[in-house]
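K.L.:
Sequence:
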Amino acid sequence: MYEIQYYFTPVLDSFEPFDSNYDWHLKPIVNLATAKKLRDRQGLTKNIAMLNASYDRLQRISEDFVSLSLYGRKTSRAFILSLQDRLREPGSFLEYNASMRAEILAELGIEIRDFKEYRQFAKKKLKQELYDYQDQHFASLPASLILTADEGLQLEKCRHEQLQSYLLDKISA
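Heads up: the sequence shown at position 111 corresponds to 111 in this note's numbering, and the numbers run straight through without jumps.
Not one of these hints is a red herring.
Keeping only pairs whose Cα atoms sit at most 16 Å apart, straight-line, the calculated EDC-like set for lysine to aspartate or glutamate is:
hint, residue 1, residue 2
1, 125, 63
2, 157, 13
3, 123, 63
4, 127, 56
5, 37, 13
Simulated from the structure, these hints should not be mistaken for laboratory data.
Take these sequences, add in the hints, and give me the full structure.
P.N.:
Right, here's the structure in full:
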């Protein structure tokens with residue numbers, strides 16, 4: 001079985017339904033470079049206010065994702081897929097707020113009061129994931145570290161659907 005450490009930027013990196021043959025560990029990365037890339041790709045005004053807004057939403061989405069990972073990786077993956085469906089229009093990620101989060105949590109059957117208990121953990125975990133990303137000497141996102149019992153492979157700029165296709169070809173070969 002493959003263990004996959006997948007570093008990504010919420011909203012920028014899209015996902016397909018996950019192949020359960022692999023052990024996926026999704027790790028959101030938030031920094032000013034990812035916020036700038038998101039702002040620019042979404043066609044927003046290139047100013048500090050939009051950069052700050054982009055960073056803020058990426059941070060909130062990532063904290064929510066990491067908090068949900070404590071309910072299980074399937075739950076956090078369901079969150080990111082549901083969120084991705086809601087944020088299809090350019091700039092719509094700026095609409096991410098507490099009510100949208102509450103809607104998604106209700107879909108997942110999670111009480112908001114229980115969810116909020118994990119916020120501090122999520123903030124620490126995000127810092128650790130950014131450190132791990134930098135420690136692996138990755139330079140661009142999305143990035144993957146694919147591990148087997150014997151070896152590891154690093155990939156950069158490889159989207160989720162490309163990675164799943166590659167793994168499927170590797171397994172069937």
